[in-house]
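Asks: First residue of the sequence shown? That's 1 in our numbering, and the numbers climb one at a time after it.
Bear in mind the hints are in silico, worked out from the structure with no lab data behind them.
It is possible that some hints are incorrect.
Okay, derived cross-link-like pairs now, DSBU-like style, lysine-lysine, Cα gap no bigger than 35 Å in a straight line [claimed, not checked]:
#, residue 1, residue 2
1, Lys80, Lys104
2, Lys63, Lys6
3, Lys104, Lys6
4, Lys36, Lys104
5, Lys104, Lys63
6, Lys36, Lys80
7, Lys2, Lys104
8, Lys80, Lys187
Label-pair distances were calculated between CB atoms; the ranges are [unchecked claim]:
#, residue 1, residue 2, range
9, Arg168, Lys36, 10 to 20 Å
10, Lys169, Glu96, 24 to 34 Å
11, Ala114, Ile9, 15 to 25 Å
12, Tyr49, Asp148, 32 to 42 Å
13, Pro146, Lys36, 30 to 40 Å
14, Glu89, Cys29, 36 to 46 Å
15, Arg45, Gly204, 35 to 45 Å
16, Gln93, Gly166, 32 to 42 Å
17, Val77, Tyr30, 38 to 48 Å
18, Ala114, Tyr30, 29 to 39 Å
19, Ala85, Arg45, 19 to 29 Å
20, Glu96, Ala10, 31 to 41 Å
21, Pro201, Ala133, 30 to 40 Å
22, Gly3, Gln181, 37 to 47 Å
Here the structure is a predicted model, which is why all the values come from computation and not from measurement.
For every residue, glycine included, the Cβ atom is placed at its ideal position computed from N, Cα and C.
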Amino acid sequence: MKGMTKTAIAWCDFTWNPVWGCLHGCSFCYARGIAKRFGMQVAGRDDFYPTWLRANFDRQMPKHPARIFVNSMSDPVFWKPEWAAAIRERMAQHPEHLFLILTKGRQPNDWRAANVLFGSTAIDQAALTAMPADRNFVSIEPIFGPVDLAAMPADLQWVIVGAETGNRKARVVPDAEWIAQLRRQCKEFGIPLFEKDSLQPIAGRLVREYPSWPSGR
Numbered sequence: 001m002k003g004m005t006k007t008a009i010a011w012c013d014f015t016w017n018p019v020w021g022c023l024h025g026c027s028f029c030y031a032r033g034i035a036k037r038f039g040m041q042v043a044g045r046d047d048f049y050p051t052w053l054r055a056n057f058d059r060q061m062p063k064h065p066a067r068i069f070v071n072s073m074s075d076p077v078f079w080k081p082e083w084a085a086a087i088r089e090r091m092a093q094h095p096e097h098l099f100l101i102l103t104k105g106r107q108p109n110d111w112r113a114a115n116v117l118f119g120s121t122a123i124d125q126a127a128l129t130a131m132p133a134d135r136n137f138v139s140i141e142p143i144f145g146p147v148d149l150a151a152m153p154a155d156l157q158w159v160i161v162g163a164e165t166g167n168r169k170a171r172v173v174p175d176a177e178w179i180a181q182l183r184r185q186c187k188e189f190g191i192p193l194f195e196k197d198s199l200q201p202i203a204g205r206l207v208r209e210y211p212s213w214p215s216g217r
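Could you put the whole structure together from the sequences, leaning on the hints where they help?
Replies: Shown next as structure tokens:
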């Protein structure tokens with residue numbers, strides 16, 4: 001049985017993608033490009049329509065406690081109920097791992113478990129303000145403006161932030177003060193902050209903090 005994929009995503013250790021596909025159509029979607037290139041090989045299609053991948057679901061869990069990003073190639077808002085139920089059951093069987101799930105949807109957080117963080121993606125203050133109050137973490141990437149965490153959910157356990165990458169003509173370069181403010185607020189509120197490599201030219205030495213979970217890692 002194949003193991004999970006070691007990942008270049010700096011804030012997690014492995015990716016696990018029982019589902020490939022998303023219908024949001026975001027202009028900054030890296031996953032759609034991956035699906036266009038490898039979709040026929042992995043999912044039997046390259047149109048990025050949500051598809052259950054049994055072989056991926058069955059991948060062997062890591063031997064040691066790890067942070068596992070469950071859906072780098074999908075959004076759970078488009079998962080069928082039976083897919084979600086199977087994923088929940090498998091995660092419950094492995095309390096030693098921390099499972100990370102990100103969505104742009106607004107469905108209620110019914111993923112609550114000691115070893116699961118359910119988060120939203122955002123790019124600016126408007127997106128943060130609209131984030132449901134029951135989210136556990138937020139990924140602000142790419143960051144398109146200053147943000148204020150004062151109105152964020154009380155249960156917020158992690159903030160990830162990164163700059164826009166690529167060569168888009170209108171690419172947004174973050175202001176150093178946006179990052180400085182995030183640092184001050186995360187420290188004030190006791191929220192771990194993880195800054196991606198894309199911020200190094202702007203912010204200098206990066207802050208890289210992680211949430212804890214029952215394994216004590």
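Asks: Now tell me if each hint is right for this structure.
Replies: For each hint, the structure was consulted:
1. With a C-alpha separation of about 16 Å, the suggested pairing of Lys80 with Lys104 holds against the 35 Å cut-off.
2. In summary, the hint linking Lys63 to Lys6 is supported, as the alpha carbons are separated by about 13 Å, within the 35 Å threshold.
3. The suggested pairing of Lys104 with Lys6 holds, with an alpha-carbon distance near 24 Å, which does not exceed 35 Å.
4. Using a Cα cut-off of 35 Å, the hinted pair Lys36 and Lys104 holds, with the two alpha carbons roughly 21 Å apart.
5. Taking the CA atoms of Lys104 and Lys63, the gap is near 31 Å; set against the 35 Å cutoff, the hint holds.
6. Between Lys36 and Lys80, the direct Cα distance comes to roughly 22 Å. Compliance with the 35 Å bound is thereby established for this hinted pair.
7. Distance check on the hinted pair: Lys2 and Lys104 sit about 29 Å apart at the alpha-carbon level, within 35 Å; holds.
8. With a CA separation close to 39 Å, the supplied pair Lys80 and Lys187 exceeds the 35 Å bound.
9. Between Arg168 and Lys36 the C-beta distance comes to about 18 Å, which sits within the given range of 10 to 20 Å.
10. Our hint of 24 to 34 Å for Lys169 and Glu96 is violated, since their Cβ atoms are close to 46 Å apart.
11. Restraint check, Ala114 to Ile9: a C-beta distance of roughly 23 Å satisfies the suggested window 15 to 25 Å.
12. Distance hint for Tyr49 and Asp148: a CB-CB separation of about 37 Å, consistent with the stated range 32 to 42 Å.
13. For the pair Pro146 and Lys36, the beta carbons lie near 34 Å from each other, so the given range of 30 to 40 Å is met.
14. Checking the proposed 36 to 46 Å range against Glu89 and Cys29 shows it is violated: the Cβ atoms sit about 29 Å from each other.
15. In this structure the hint that Arg45 and Gly204 lie 35 to 45 Å apart at CB holds, the actual value being about 44 Å.
16. Distance hint check for Gln93 and Gly166: the Cβ-Cβ separation is about 39 Å, which falls inside the suggested range of 32 to 42 Å.
17. Look at Val77 against Tyr30: about 18 Å separates their beta carbons, and that is not inside 38 to 48 Å.
18. Under the hint 29 to 39 Å, the C-beta atoms of Ala114 and Tyr30, about 30 Å apart, fit the expected range.
19. In this structure the hint that Ala85 and Arg45 lie 19 to 29 Å apart at CB holds, the actual value being about 23 Å.
20. Checked against the hint of 31 to 41 Å, the C-beta distance between Glu96 and Ala10 comes to roughly 22 Å, which is inconsistent with it.
21. As the Cβ distance of Pro201 to Ala133 is approximately 34 Å, the hint placing it in 30 to 40 Å holds.
22. Remark: the range hint 37 to 47 Å for Gly3 to Gln181 is upheld by a beta-carbon distance near 40 Å.
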